[in-house]
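Undergrad: One line per chain: the protein sequences are A and B, in this order.
For any residue, its number in the numbering used here is found by taking its place in the first sequence, counting from 1, and adding 644.
For any residue, its number in the numbering used here is found by taking its place in the second sequence, counting from 1, and adding 191.
By construction, these hints were calculated from the structure, which means they are not laboratory data.
The beta carbon of each residue, even a glycine, is placed where N, CA and C say it ideally should be.
Treat the hints with care, as some may be off.
[Unchecked claim] If you want a taste of the chain A side facing chain B, the calculated C-beta under 7 Å gives, among others:
id: 1; residue: 696
id: 2; residue: 730
id: 3; residue: 734
id: 4; residue: 737
id: 5; residue: 741
id: 6; residue: 744
id: 7; residue: 751
id: 8; residue: 826
id: 9; residue: 863
id: 10; residue: 870
id: 11; residue: 881
id: 12; residue: 882
id: 13; residue: 884
id: 14; residue: 885
Here is how the chains run, residue by residue.
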Amino acid sequence: MSDSHASVVVSGVPHAGAHDQAHRELRHHFVDMQQQANTASLGMWLFLVTEVMFFGGMFCAYLIYRLAYFKDFAAASQSINVSWGAANTAILLISSFTMAMAVRCAQLGKQKLLVVFLLFTMLFGAAFLGVKAKEYYDKYEEHHVPGMNFNFDGKLLGHPEYVVNQRHAEMFFSIYFAMTGMHALHMVIGLGLMAYLIIASGRGKFDTSYYTPVENIGLYWHFVDVVWIYLFPLLYLISRTKG
Amino acid sequence: MSENEHHIVPVKLYMLIGGTLLFLTFVTYRVALIDLGAYNTIVALTIASFKATLVVLIFMHVKYTSEKLTKAVIFSAIFFLGLLLTLSLADFGTRAWL
Numbered sequence: 645m646s647d648s649h650a651s652v653v654v655s656g657v658p659h660a661g662a663h664d665q666a667h668r669e670l671r672h673h674f675v676d677m678q679q680q681a682n683t684a685s686l687g688m689w690l691f692l693v694t695e696v697m698f699f700g701g702m703f704c705a706y707l708i709y710r711l712a713y714f715k716d717f718a719a720a721s722q723s724i725n726v727s728w729g730a731a732n733t734a735i736l737l738i739s740s741f742t743m744a745m746a747v748r749c750a751q752l753g754k755q756k757l758l759v760v761f762l763l764f765t766m767l768f769g770a771a772f773l774g775v776k777a778k779e780y781y782d783k784y785e786e787h788h789v790p791g792m793n794f795n796f797d798g799k800l801l802g803h804p805e806y807v808v809n810q811r812h813a814e815m816f817f818s819i820y821f822a823m824t825g826m827h828a829l830h831m832v833i834g835l836g837l838m839a840y841l842i843i844a845s846g847r848g849k850f851d852t853s854y855y856t857p858v859e860n861i862g863l864y865w866h867f868v869d870v871v872w873i874y875l876f877p878l879l880y881l882i883s884r885t886k887g
Numbered sequence: 192m193s194e195n196e197h198h199i200v201p202v203k204l205y206m207l208i209g210g211t212l213l214f215l216t217f218v219t220y221r222v223a224l225i226d227l228g229a230y231n232t233i234v235a236l237t238i239a240s241f242k243a244t245l246v247v248l249i250f251m252h253v254k255y256t257s258e259k260l261t262k263a264v265i266f267s268a269i270f271f272l273g274l275l276l277t278l279s280l281a282d283f284g285t286r287a288w289l
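Chain A on its own, in the form it takes in the complex (with noise of 0.2 Å):
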C-alpha cells in the first residue's frame, strides 16, 4: 500500500486520504472521476453551443440572401452535383457511426477495436473531403468560384427565360464556399483530433475510468456531422425542382 500511496502524484501535488486510489489523470481540483467527466463534458458543450452560434450566423446570411435574390439562388443550387452531395452525407453519417462505436469501445475497455473505429473515422473523414476536393474543382473549371473570373451560364429549371443575375448568383457561391470551406475545416481539424487519439490510445492513455478525450472529440465529430446533415437540404437539394 505505502508503495500505490507514494506513486499518487496528480499535478506535482502529492494527495492523501480520499485520493489515496486516485487515478494518474485525476485533477486535484475534482472529487472523483465522474464529477471530472461530467465537468469536461459540460465544457464541450459550452464550446459547441458557440460552434452553432458561428454557424448560425452563416445559416442567417444564407436564408436572408435566400430570400432577397430566390429565383438566381435556385439556378447557381441547380448547378451542384446533388449525387456527390448525397453520397457526401452519407459517407459522413457512417464516420459518425464508427466515432460513437469508438466512444462505446472507449467506456467498455477495447483499446484495441478503439483505435479500429477511431481509424476507420478518420478514413471516412478524409473520404468526405475527397469528394469535397472534387466538387470544389468541378466549381473552379465552371467559373463559379467567386472572382474575377466569375461566370454563370446556367438556367433556372422550368424557366429557361429568366436571366439569372451573375452578382446574385456569386452571392449564392460565396455563401456555398464560406459554409462548406468553414465545415471542412472543421473536418480537417477533427482528423487532426483523430490522430491525436490513436497516438494517445495506442500509449494506453485511456481505460474505462478515463477517456474523456475520445468523447469529447466524439461530440466534436457528431457536431460537425449535425452542421452537415443541415448543410445538405439548404444548399444542394431545396431548390431541385420546376418549383
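Take the given structure of chain A and dock chain B to it, following the hints.
TA: Structure of chain B alone, referenced to chain A:
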C-alpha cells in the same frame, strides 16, 4: 461509487440509428427530385431536423445523460439560434411592407 456510471448503448441500437440515418438521406435525396412546390423545403428540413435529433440524442448520448445542465445548455443553443433566425427574418421579411 462505481467508477463507470456511463450508459453503454447496445451495438444494435447504434446500427439501427446509423441505418435509419442512411435511409433518410436516401429518402430526402429522392423526394427532393419530386416537385412538391413549397413543401419540398418543409420536407427536406423536417427530415434534416429528425436526423440531427437522432445524432444528438443517441450518438451524442444526450438521451442518457443524468446531467441536467447539459440539457439546459443545448436548449439555450437552440433558443438563441431560433432568436437569431426568427428576428432576422422578421426584419428582412417585412421590409417590403413599408
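Undergrad: The structure should be examined with respect to each hint, and the outcome stated for every one.
TA: Against the structure, the hints come out as follows:
1. This hint holds: residue 696 of chain A has a C-beta 4 Å from the nearest C-beta of chain B, less than the 7 Å allowed.
2. Hint status for residue 730 of chain A relative to chain B: holds, with the closest Cβ pair at about 4 Å, below 7 Å.
3. For the restraint placing residue 734 of chain A at the interface with chain B, the shortest Cβ-Cβ distance is roughly 6 Å, inside the 7 Å limit, so the hint holds.
4. This hint holds: residue 737 of chain A has a C-beta 5 Å from the nearest C-beta of chain B, less than the 7 Å allowed.
5. Interface restraint check for residue 741 of chain A: the shortest CB-CB distance to chain B comes to about 4 Å, inside 7 Å, so the restraint holds.
6. Interface hint status for residue 744 of chain A: upheld, as the beta-carbon distance to the closest one in chain B is roughly 4 Å, under 7 Å.
7. Annotation: interface hint on residue 751 of chain A holds; nearest CB of chain B at approximately 5 Å, less than 7 Å.
8. At about 16 Å, the closest approach between the beta carbon of residue 826 of chain A and any beta carbon in chain B exceeds 7 Å, and the interface hint on this residue is violated.
9. Evaluation of the residue 863 of chain A hint against chain B yields a held restraint, the C-beta minimum of about 6 Å falling below 7 Å.
10. Annotation: residue 870 of chain A was flagged as interfacial toward chain B, and the flag holds, the nearest CB pair being 5 Å apart, inside 7 Å.
11. Nearest Cβ of chain B to the Cβ of residue 881 of chain A: about 4 Å, under the 7 Å cut. The hint holds.
12. With its C-beta approaching chain B no nearer than about 5 Å, residue 882 of chain A sits inside the 7 Å limit, and its interface hint holds.
13. With a least beta-carbon distance of about 5 Å to chain B, the hint placing residue 884 of chain A at the interface is held under the 7 Å criterion.
14. Using the Cβ-Cβ criterion of 7 Å, the hint placing residue 885 of chain A at the interface with chain B is satisfied: the shortest such distance is roughly 4 Å.
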